[in-house]
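Number of protein chains: 2
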Amino acid sequence: MTKTADTDHKIHNTLATRWSPYLFAETPVDVNDLQALFEAARWAPSSYNEQPWRFIVGVAGQGDDHQRILDCLAEPNRVWAGRAPVLVLGVVVDQFVPSGTPNKAAEHDLGLAVGNLLVEATVRGLSVHQMIGVDADAAKTEFGVPDSAHVLTAMAIGHADKSGAGEAKYAERDNTTRTRKPLPEFVFGTRFGTSARF
Amino acid sequence: MTKTADTDHKIHNTLATRWSPYLFAETPVDVNDLQALFEAARWAPSSYNEQPWRFIVGVAGQGDDHQRILDCLAEPNRVWAGRAPVLVLGVVVDQFVPSGTPNKAAEHDLGLAVGNLLVEATVRGLSVHQMIGVDADAAKTEFGVPDSAHVLTAMAIGHADKSGAGEAKYAERDNTTRTRKPLPEFVFGTRFGTSARF
Numbered sequence: 001m002t003k004t005a006d007t008d009h010k011i012h013n014t015l016a017t018r019w020s021p022y023l024f025a026e027t028p029v030d031v032n033d034l035q036a037l038f039e040a041a042r043w044a045p046s047s048y049n050e051q052p053w054r055f056i057v058g059v060a061g062q063g064d065d066h067q068r069i070l071d072c073l074a075e076p077n078r079v080w081a082g083r084a085p086v087l088v089l090g091v092v093v094d095q096f097v098p099s100g101t102p103n104k105a106a107e108h109d110l111g112l113a114v115g116n117l118l119v120e121a122t123v124r125g126l127s128v129h130q131m132i133g134v135d136a137d138a139a140k141t142e143f144g145v146p147d148s149a150h151v152l153t154a155m156a157i158g159h160a161d162k163s164g165a166g167e168a169k170y171a172e173r174d175n176t177t178r179t180r181k182p183l184p185e186f187v188f189g190t191r192f193g194t195s196a197r198f
Numbered sequence: 001m002t003k004t005a006d007t008d009h010k011i012h013n014t015l016a017t018r019w020s021p022y023l024f025a026e027t028p029v030d031v032n033d034l035q036a037l038f039e040a041a042r043w044a045p046s047s048y049n050e051q052p053w054r055f056i057v058g059v060a061g062q063g064d065d066h067q068r069i070l071d072c073l074a075e076p077n078r079v080w081a082g083r084a085p086v087l088v089l090g091v092v093v094d095q096f097v098p099s100g101t102p103n104k105a106a107e108h109d110l111g112l113a114v115g116n117l118l119v120e121a122t123v124r125g126l127s128v129h130q131m132i133g134v135d136a137d138a139a140k141t142e143f144g145v146p147d148s149a150h151v152l153t154a155m156a157i158g159h160a161d162k163s164g165a166g167e168a169k170y171a172e173r174d175n176t177t178r179t180r181k182p183l184p185e186f187v188f189g190t191r192f193g194t195s196a197r198f
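Sequences listed follow chains A and B, in order. The first sequence begins at 1 in my numbering and counts up one residue at a time. The second sequence begins at 1 in my numbering and counts up one residue at a time.
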């Protein structure tokens, strides 16, 4: 299955074809692919090159980290995310190290790192579904995240299940057309809310 | 000039070659390229598909928006960023529309959208330098950003100046090798701070 974006302007195919499935196959993620995903994240830009992103990774069948991450997800996510062979917590370090000055770009920069990871995943035929529905306090305690950092997101990573065999509710979501606001609603000039004229 | 990342694992060339120059050529950005950059941003994923990102764009030579954005930058950025033909403010809507519920993924999701924009820019031979050094309050007033949103970042967009003619301080920065933390310092398993074993 592909869900290529219906773009108004031509963009790179990797960006146009990425989407976030609910139904994952149980096929494991190759270790070289997994390393490449985080290597891609590594080379994202960040404010003062602080690289405030941290990831906690659980691979199904390797110890209990996968289950421990799954247990930290909000209940609606737990239902479908457990099938993905890799689960990840996205953690943000809130201050510059070692100065302790607050890093107001930290959450934004986790997004930049994950943006890179998504591109690498798409190129390698992998899919990622991000979640904000995480019990951040539970995850912090469970994985010993220090007070200078916080858990913000989770990700399910694997191969999209194209068999059509999954639960109907999620199969239906996965077959829904991707939609976005048109450019004039979020690209402004002169004043917030006034569409750019280029 | 290229500054290809010295990666430990092979990643997609577009991600490996992206970098943030200080020295921009005055060559304008083609309007089709500019549209494609924001189209790429448009198709990023976001929490509940809220798309909380907004952009205010100033193009040099088209009205005074470019100058008005430049005036909102922190003074150290104003020195070099003015040469870039396109300046952008990155704005985040803090609540879900219309419910008003806080969107805790909003800043992160601006990062995801900009991550897409960076890929499209790199593919098209354009460069982007992001800044957190923005007078957010001044920008909010100047561009009429509502209280439900805040200005977080700025971006300079254009062609990297490869002539070697720029100010020595910035030419030196642009020639510096890109560095990052190794994977074991930010990819964990079992516990925060314990390197993943894959």
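Some clues are possibly wrong.
Which copy is meant is left open, because identical chains are indistinguishable; a pair holds if it fits in one copy or across any two.
Heads up, simulated DSSO-like pairs for lysine-lysine below, C-alpha to C-alpha not over 30 Å straight-line [what the hints assert, rightly or not]:
| id | residue 1 | residue 2 |
| --- | --- | --- |
| 1 | Lys181 | Lys140 |
| 2 | Lys104 | Lys169 |
| 3 | Lys104 | Lys3 |
| 4 | Lys104 | Lys181 |
| 5 | Lys140 | Lys162 |
These aren't lab readings, by the way, just hints derived from the structure by calculation. Since the structure is predicted, the reported quantities are computational estimates derived from the model, not experimental observations.
Here is how each hint holds up against the structure:
{"no.": "1", "hint": "Lys181 - Lys140", "result": "between (35 Å within a copy, 23 Å between copies)"}
{"no.": "2", "hint": "Lys104 - Lys169", "result": "between (39 Å within a copy, 26 Å between copies)"}
{"no.": "3", "hint": "Lys104 - Lys3", "result": "between (35 Å within a copy, 27 Å between copies)"}
{"no.": "4", "hint": "Lys104 - Lys181", "result": "both (27 Å within a copy, 20 Å between copies)"}
{"no.": "5", "hint": "Lys140 - Lys162", "result": "neither (34 Å within a copy, 46 Å between copies)"}
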